[in-house]
Amino acid sequence: MAEYIIETPKGKWEVICGLEIHCQIISKSKIFSGASTEFGDDVNENVSFVDAGMPGMLPTLNMECVHQAIKTGLGLNAIINKYSEFSRKNYFYADLPQGYQITQFQYPIVGEGFIDIDLEDGSSKRIRIERMHIEQDAGKSIHDLDPHKSFIDLNRAGVGLMEIVTKPDFRSPEEAGAFLRKLRSIVRYLGTCDGNMDEGAMRCDVNVSVRPYGSDELRTRCEMKNVNSVKFVMQAIEAETRRHIETYESGGEICQETRQFDPLTSSTKAMRKKEFAQDYRYFPEPDLPPLVLDDAFINKIKEEMIELPDAKKSRFINKLGLTSYDAMVICENKEVADFFEKAAEGHDAKKIANWLMGDFFAMLNRKNLTIADSPVSAENLGKLVELISKDVISGKIAKDVFEIMADTSEDPEKIVEERGLKQVTDTSAIESIIDTVLTANPDNVASYKAGKGNLIGWFVGQVMKQSQGKANPGLVNKLLKEKLDQ
Amino acid sequence: MAVDNETVRKVAFLSRLRVEPEKLEETKQEFNKILSWVEELNEVDTDNVKPLVSVNDESLTMREDVVNAGQMSEAILQNAPAQEFGYFVVPKVVE
Numbered sequence: 001m002a003e004y005i006i007e008t009p010k011g012k013w014e015v016i017c018g019l020e021i022h023c024q025i026i027s028k029s030k031i032f033s034g035a036s037t038e039f040g041d042d043v044n045e046n047v048s049f050v051d052a053g054m055p056g057m058l059p060t061l062n063m064e065c066v067h068q069a070i071k072t073g074l075g076l077n078a079i080i081n082k083y084s085e086f087s088r089k090n091y092f093y094a095d096l097p098q099g100y101q102i103t104q105f106q107y108p109i110v111g112e113g114f115i116d117i118d119l120e121d122g123s124s125k126r127i128r129i130e131r132m133h134i135e136q137d138a139g140k141s142i143h144d145l146d147p148h149k150s151f152i153d154l155n156r157a158g159v160g161l162m163e164i165v166t167k168p169d170f171r172s173p174e175e176a177g178a179f180l181r182k183l184r185s186i187v188r189y190l191g192t193c194d195g196n197m198d199e200g201a202m203r204c205d206v207n208v209s210v211r212p213y214g215s216d217e218l219r220t221r222c223e224m225k226n227v228n229s230v231k232f233v234m235q236a237i238e239a240e241t242r243r244h245i246e247t248y249e250s251g252g253e254i255c256q257e258t259r260q261f262d263p264l265t266s267s268t269k270a271m272r273k274k275e276f277a278q279d280y281r282y283f284p285e286p287d288l289p290p291l292v293l294d295d296a297f298i299n300k301i302k303e304e305m306i307e308l309p310d311a312k313k314s315r316f317i318n319k320l321g322l323t324s325y326d327a328m329v330i331c332e333n334k335e336v337a338d339f340f341e342k343a344a345e346g347h348d349a350k351k352i353a354n355w356l357m358g359d360f361f362a363m364l365n366r367k368n369l370t371i372a373d374s375p376v377s378a379e380n381l382g383k384l385v386e387l388i389s390k391d392v393i394s395g396k397i398a399k400d401v402f403e404i405m406a407d408t409s410e411d412p413e414k415i416v417e418e419r420g421l422k423q424v425t426d427t428s429a430i431e432s433i434i435d436t437v438l439t440a441n442p443d444n445v446a447s448y449k450a451g452k453g454n455l456i457g458w459f460v461g462q463v464m465k466q467s468q469g470k471a472n473p474g475l476v477n478k479l480l481k482e483k484l485d486q
Numbered sequence: 001m002a003v004d005n006e007t008v009r010k011v012a013f014l015s016r017l018r019v020e021p022e023k024l025e026e027t028k029q030e031f032n033k034i035l036s037w038v039e040e041l042n043e044v045d046t047d048n049v050k051p052l053v054s055v056n057d058e059s060l061t062m063r064e065d066v067v068n069a070g071q072m073s074e075a076i077l078q079n080a081p082a083q084e085f086g087y088f089v090v091p092k093v094v095e
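Top to bottom, those sequences are chains R and L. Per this note's numbering: the first sequence ends with 486, consecutive numbering throughout. Per this note's numbering: the second sequence ends with 95, consecutive numbering throughout.
Next comes chain R alone, as it looks inside the complex:
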């Protein structure tokens, strides 16, 4: 794997990075109340008295959130803890009406696990997961409506979150980016989080420190909170690494603090200097007894587990003959992988993959559609490739047929039949076209016979043109050579 080493005139450095990712759990209702989790509803409409922190209201745990967390834990190859506890994390903020967040501290529901990430040079790396716990989300503050006021919407307050904490295993921005894409792919496969970073359904805190290359010391780290895209996470690591190195090399010190990444300037700035170190005064949540799970509950979820991207990818490589890169691209998104499999059923999988990643994706992009809305169905893409494989149409004609399919959603067999696009494989028909072309161009025939062998391409072009692209190019080539070399 390509190492990420930052070299300056004064020395070589490496970066140590860990991530904390908050994933909003997909569930109909909130983790401790019966209010809806719907995004984008009217302000403060999805708020119950529990979410508003009204005195005397008691939380009740949503079984579905526990279910989703275990499913995600299994997807992270992690230990599921049959005993876990809820704790209170105390802090004051306007969008946290209770004055504390119900979370898990000492005893999280999911323990150590790992994800294997794929890197650009084709290598892979195992990133260890430290833990994953469940907790409630806070409300949303809007600061830019008024110079003196902040506006609070509690619709998000109490939505279930899974917080995934990695070990400090990242050594480059690329690795962190690959991890986030892989994690997003896994939770989307599982249907436990929709993974949209721009809507805040997945949010990332980035911890960065640096050290002289080759040393094993651990230096002070800084945390950048709520970085909201994969690209920005990578840029934030780069910017923060640069800042640390510059600070150390000019004789300064890094102090542990929370910083914010500004995508406009591609730099980080300190968020606040704390009077005291954060003091959350965690203690066991008195309103919720410990969460004790039995084997039957966990085993039932194990049975629900579906094939995840890594397993699918190796199956596509080993059983269907895809290249590692093609399999990775196709498996990142479950809808794409399912579409591919359906299209490839009974056909040449490698060719289906080429069409999918070439003309098909280009068409979706051009029409600004997702695969679910594709005008070309999986079956029809399979049929199109079959028509080429069986020499019914040429690859060139196939591109035209595909464009018609994209516009009309029609069956390619019907298009080829109705528009008379079938390839001419009848030898006598092609021979008669060749004869016409040769008779009409005696000069070029003479030149060819005199040694200008590369004129063959020109002859093929003429014959193809006369046949309106329908002649089988291989056959044309063969017959032309036979005639010219007589």
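For the record, the hints were derived by calculation from the structure and aren't laboratory data. Mixed in with the good hints, there may be bad ones.
Calculated pairs, SDA-like style, for lysine to any residue (alpha carbon to alpha carbon, straight line, at most 20 Å) [to be verified]:
1. K149/R to A82/L
2. K92/L to P147/R
3. K140/R to M72/L
4. K269/R to V94/L
5. K350/R to K399/R
Once you've looked at the hints, dock chain L against the given chain R.
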């Protein structure tokens, strides 16, 4: 264990309680009284006693994932010191 004035100030800050400087000494003494009272518990032998997480010995009950609350922003906002456009309004909080 005894606390000093600095600790009292810190606890008050974390709890967002105002303790006037002239009340600091008195509050510190109250804290220390409570702490020394609790410290008596240290005399109890707790070897072989499992840590108590909750005085409620019940196991956790869970609910089905059903939407059965909400859609009552008026009631939710009723006690808000200030509201506008359906939002709670608070003095500007910027980090």
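Okay, the hints, checked on the actual structure:
1. With a C-alpha separation of about 10 Å, the suggested pairing of K149/R with A82/L holds against the 20 Å cut-off.
2. Of the pairs offered as hints, the one joining K92/L and P147/R holds, with about 8 Å between alpha carbons and a cut-off of 20 Å not exceeded.
3. For the hint pairing K140/R with M72/L, the CA-to-CA distance comes to about 18 Å; that is within 20 Å, so the pair holds.
4. Pair hint K269/R plus V94/L holds up; C-alpha atoms about 14 Å apart against a cutoff of 20 Å.
5. Note on K350/R and K399/R: the hinted pairing holds, with a Cα-Cα distance of about 17 Å set against a maximum of 20 Å.
In this structure, none of the earlier numbered hints is contradicted; all agree with it.
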